[in-house]
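Colleague: Under numbering that gives the first Met the number 0, residues 0 to 80 are what the sequence shown spells out, in order.
The set of hints was computed from the structure by calculation and includes no laboratory data. Hints should not be assumed to be uniformly reliable.
Straight-line C-alpha distance at most 25 Å; calculated BS3-like pairs for lysine-lysine [to be verified]:
hint, residue 1, residue 2
1, Lys16, Lys40
2, Lys30, Lys56
3, Lys30, Lys40
4, Lys16, Lys30
5, Lys56, Lys8
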Amino acid sequence: MDEKQISMKYIQFIHQKPALSGSITVNGRSKSGIFMPEWSKYSNSIIYRYHTDRGNKGTGGFSLNRAFFLLNCGRLSILRQ
């Protein structure tokens, strides 16, 4: 895959900001559920915040760049609605 295709995919990801689902490990604990994009007043940017399978907000989140990396690694997948 050449660099131009990767950057276009990243640009599409940034514009769409899809909801992601999957499982990640944070500080030795597994977090499985949905990750939704939200505005963070603390970092003044959009982050992906963890939501449980029941829809409750969990603690933690990560940046758009980290979400794109986890999506490409196969740890997270785009949530089909």
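Colleague: Confirm or reject each hint.
Modeller: Consistency of the hints with the structure:
1. About 18 Å separates the Cα atoms of Lys16 and Lys40, which keeps this hinted pair within 25 Å; it holds.
2. Restraint check for Lys30 and Lys56: the C-alpha separation of about 12 Å stays at or below 25 Å, so the hint holds.
3. For the proposed pair Lys30 and Lys40, the alpha carbon gap of about 23 Å is at most 25 Å, so the pair holds.
4. Simply put, Lys16 and Lys30 have alpha-carbon atoms about 20 Å apart, close enough for the 25 Å limit, and the pair holds.
5. At roughly 28 Å between alpha-carbon atoms, Lys56 and Lys8 are farther apart than 25 Å, so this suggested pair is violated.
Violated hint for the displayed structure: number 5, the only one.
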